[in-house]
Amino acid sequence: MTQLVDAHVRLEVEDFLYREAELLDRWDLDGWLELFTPEGDYLIPPLDGAEGDPGIALHLVADDPVRLHSRVHQLLARSAWAENPKSRTRRLVTNVRAVERDGGPVHVRANFVVHRFTQHAHDSYVGEYDHELVRTLAGLRFARRTARLDHTTLRPHGKVSVII
Amino acid sequence: MSRLADCVADDPAAATFRVHRRVFVDADVLEAERRCIFDRSWLYVGHESEIASPGQFVTRNVGGRPVILVRSGSGDVNVLLNSCTHRGNQVCRAPSGRARAFQCFYHSWTFDRDGLLIGVPGQDGYGPSFDRGDFTLRRPAHVDSYRGLVFCSFGDPGAGLADFLGPARPYLDDALDYSVDGLEVVPGVQQYVMHANWKLLVENSVDGYHALATHHRYFRQFLSDVGVLPPGAGIMKIAGAGRALGNGHALIEAPFQPPVLAAAGGAELAEHRARLVDRFGEERTRPIADYARNLFIFPNLLLISNWRAIRTWYPAAPGETEVEAWGLLPKGESAALRRARLDNYISFLGPGGFGTPDDNEALEGCQRGFATHRELPWSDVSRGMTRDEPEMNDEEQMRGFWRRWAEMIDGPVR
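Which chain is which? The protein sequence lines are A and B, in order.
For the first sequence, the numbering used here assigns the number -7 to the initial residue and increments by one for each residue that follows.
For the second sequence, the numbering used here assigns the number 82 to the initial residue and increments by one for each residue that follows.
If we strip away everything but chain A, and leave its shape as in the complex, we get (with noise of 0.2 Å):
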């Protein structure tokens, strides 16, 4: 049996998603790797709607946390030379809705844009967010992290080197 969460709840998962945002977009990407579970995974899947998990489809990202964790440190080290010079990025968070399961995670999900900014180069990127978040004593905690994108094709970006 499902039901969607109270308004408290879902106070709870916006401000845990502004939050997590916010850093994002301040570059504070060791504290946004606090934000997951020890088990919990970024995933982006296929732009051309392929279906499948990450052991059948070729998602653009589908780090587990050892990868994940790799990401943040190429990132904020000098070599990851496409964010080197970082990036600017502001995060457009909306529309959420959350659907806790008994007893189990809270399904989130949420509409973003991801504004990304250089000196050659204005990205936005359209999506849905579709997370399993998880009850810690620490807070809300990812599971997993989904960035479904809406692009057909990732024209003009060519790449995904920010986190989305």
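If you are wondering where the hints come from, they were derived from the structure by calculation, not from laboratory data.
It is possible that part of the hints are untrue.
If you want a taste of the chain B side facing chain A, the calculated C-beta under 8 Å gives, among others [as the list claims (entries may be wrong)]:
1. Glu265
2. Pro268
3. Gly269
4. Val274
5. Arg298
6. Val307
7. Gly433
Coverage of chain A stretches by chain B, computed from C-beta distances (three or more under 8 Å per stretch; other residues unrestricted) [said to hold, decoys possible]:
8. 2 to 9
9. 58 to 68
10. 87 to 93
With the Cβ distance kept under 10 Å, some of the chain A side facing chain B (calculated, not the full set) [stated by the list, open to error]:
11. Pro97
12. Ala113
13. Glu124
Ideal placement from N, C-alpha and C gives every residue a C-beta, glycine not left out.
Following the hints, complete the assembly by docking chain B onto the known chain A.
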């Protein structure tokens, strides 16, 4: 320069090889490339596994044209131009799927999977000379397959597909023999745009020299982070060969296995190799299974053994290139090994990987730099010209591409 071929300055006596940077920025050059190279070359369309059963189709842009790659009812592989013979609209508008027929929504003309016109609303409005046979969907001038890889050419390619592939065939065979159970394109295509000239991606695709510099974060950080290498360690040198294979095809290779896959593949990967040995013997298995190879097929196809990737690209403009990439993975493996191969692929390759974004950043930086081409006209591609056995960090394989480019660029057209 009256002849565009003069943009490639090959001087073996001086051991210099230079390319004039106008070839990366001039619209006239791109027009010549489209007419003299892309319209006269075998171009990759897709892999037969993508249309495994009758009615399955994918739509692609090949050589700047929209095409449909479709399996007919009798199992034939057809490449049809995706334009209604009546007034031009695209008769198939989905990227992939299954169809019994293709109906143009503009006036409801309907074509079967061999391109035959099978439906015309109000055909009595046409005169007695109207013949449906005149309105069959058009096809490229030439279509052929090589071991599952489908190619087409819109003009005279000068040689049959097998002869054109010729000197690259042994390497292509090694790539296609990688699985005794066959290979299949997995779901999920990577499509993206690079704001750089298409020939920069040709060079980059067979550039061993850039690997450890541009991809520092993959070779020095990532491989340690995932425990493949000790902390602080890194791959400092990758030694191998670079070869200009002829016909513009190019190869770099090194005895190097993708470390992430080697670490994750376990017993099943060893068993995979053992089956190759059973089939081909130890000596032939080594290049099939133990080598990292980037095999470039002129003018715009790349097979990368490290990730089992197929990549093709086409210029939308002098400074804009559309890229498509797929995974071509062994059939019949366990879910765990399939996942490991996919993880291996996207850890480096693609818009979200730890390699491709930095390649693109470098090539886009080159393209911006070429705005100085009147002050700084020449790029240098002479590395390794004095070496008897060119290495993968040399540029002989790129020179092979450029020599072929120079042979074709001044014509003939189609």
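Evaluated hints:
The closest approach between the C-beta of Glu265 of chain B and any C-beta of chain A is roughly 12 Å, which is over the 8 Å cut-off, so the hint fails. With its C-beta approaching chain A no nearer than about 4 Å, Pro268 of chain B sits inside the 8 Å limit, and its interface hint holds. For Gly269 of chain B, the shortest C-beta to C-beta distance to chain A is roughly 3 Å, which falls under 8 Å, so the interface hint holds. A distance limit of 8 Å between C-beta atoms decides the matter here; for Val274 of chain B the minimum to chain A is near 4 Å, and the interface restraint holds.
Look at Arg298 of chain B: its Cβ gets to within about 4 Å of chain A, closer than 8 Å, so that hint holds up. Nearest Cβ of chain A to the Cβ of Val307 of chain B: about 5 Å, under the 8 Å cut. The hint holds. Taking 8 Å as the C-beta contact cut-off toward chain A, the hint placing Gly433 of chain B at the interface holds, the least distance being around 4 Å. Coverage of the region 2 to 9 of chain A by chain B is violated. Counting CB-CB distances below 8 Å, 0 residues qualify, and the rule asks for three or more.
Check on the region 58 to 68 of chain A: 7 of its residues sit with their Cβ under 8 Å from a Cβ of chain B, so the three-residue criterion for coverage holds. For the region 87 to 93 of chain A, the stated coverage by chain B is not satisfied: 0 residues place a CB nearer than 8 Å to a CB of that chain, which falls below the threshold of 3. Against a cut-off of 10 Å between C-beta atoms, the interface hint on Pro97 of chain A is violated, since the closest Cβ of chain B lies about 22 Å away. A cut of 10 Å between beta carbons decides the hint on Ala113 of chain A: the least distance to chain B is about 8 Å, and the hint holds.
A hinted interface residue such as Glu124 of chain A counts as satisfied when its beta carbon comes closer than 10 Å to some beta carbon of chain B; here the least separation is about 19 Å, so the hint is violated.
In the structure shown, a violation is registered for the earlier hints numbered 1, 8, 10, 11 and 13, in ascending order.
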